[in-house]
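Numbering (the working numbering), first residue to last: 2 to 171.
Be careful, since some hints might not be right.
Claimed, not checked - DMTMM-like mimics (lysine to aspartate or glutamate), calculated; alpha carbons at most 20 Å apart, straight line:
# : residue 1 : residue 2
1 : Lys74     : Glu47
2 : Lys95     : Glu161
3 : Lys144    : Asp89
4 : Lys59     : Asp145
5 : Lys163    : Asp62
6 : Lys88     : Glu136
Simulated from the structure, these hints should not be mistaken for lab results.
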Amino acid sequence: MFIIAYCSIREEFMRFILILALTFSVNIFAKSMTAKVALNPMGSFEVKTKRIRGNVAKKGDALQAANIEISVKSFDTDNETRDEHLKDKLEVKKYPNIVVEKAVGKGGKGQAIIKMRNISKKVPFSYSEKGSEVEVNFSISLKDFGITGINYMGVGVQDEVKISASLPVK
Numbered sequence: 002m003f004i005i006a007y008c009s010i011r012e013e014f015m016r017f018i019l020i021l022a023l024t025f026s027v028n029i030f031a032k033s034m035t036a037k038v039a040l041n042p043m044g045s046f047e048v049k050t051k052r053i054r055g056n057v058a059k060k061g062d063a064l065q066a067a068n069i070e071i072s073v074k075s076f077d078t079d080n081e082t083r084d085e086h087l088k089d090k091l092e093v094k095k096y097p098n099i100v101v102e103k104a105v106g107k108g109g110k111g112q113a114i115i116k117m118r119n120i121s122k123k124v125p126f127s128y129s130e131k132g133s134e135v136e137v138n139f140s141i142s143l144k145d146f147g148i149t150g151i152n153y154m155g156v157g158v159q160d161e162v163k164i165s166a167s168l169p170v171k
């Protein structure tokens with residue numbers, strides 16, 4: 002009975018961690034995206050996806066994007082159980098996408114409005130142009146999206162999730 006309870010709690014914890022990572026995987030306009038979720042006191046895992054719909058446009062020396070959709074169903078952590086738990090925590094059936102509602106950048110810095118689980122937040126980002134792509138980096142606070150108190154047997158998820166994306170520019 003103890004083993005069953007332990008596995009159930011562990012699976013629930015991993016599911017929650019995945020959901021958090023997916024929540025913060027909302028990259029601006031991505032060809033590919035990776036979110037790094039740090040654990041406390043130590044450790045981490047990554048959430049990856051390539052299922053992103055939308056484009057980044059260059060207008061003079063500025064970059065713009067709107068309504069970029071990231072499929073929550075496509076999140077991959079290299080662990081099937083954790084993937085399912087994450088999708089459950091992110092309520093994939095109710096909120097199938099994370100949306101970058103608007104993003105504007107100039108001179109290597111910008112701001113995006115990211116909507117996840119029906120909560121929209123302004124998020125600053127940095128970027129660098131590499132040919133026909135742009136590499137975007139930003140961090141998100143889990144608390145900003147209503148995610149708190151993730152802890153399992155003394156190991157918790159840190160509030161800040163670091164996200165990077167490689168995005169095509171048109």
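We went through each hint and held it up to the structure:
1. Lys74 <-> Glu47: Within the cut-off at roughly 15 Å; holds.
2. Lys95 <-> Glu161: Cα-Cα ~24 Å, so violated.
3. Lys144 <-> Asp89: holds, 18 Å
4. Lys59 <-> Asp145: violated, 29 Å
5. Lys163 <-> Asp62: violated, 26 Å
6. Lys88 <-> Glu136: Cα-Cα ~26 Å, so violated.
Violated hints, in rising order: 2, 4, 5 and 6; the structure is consistent with all others.
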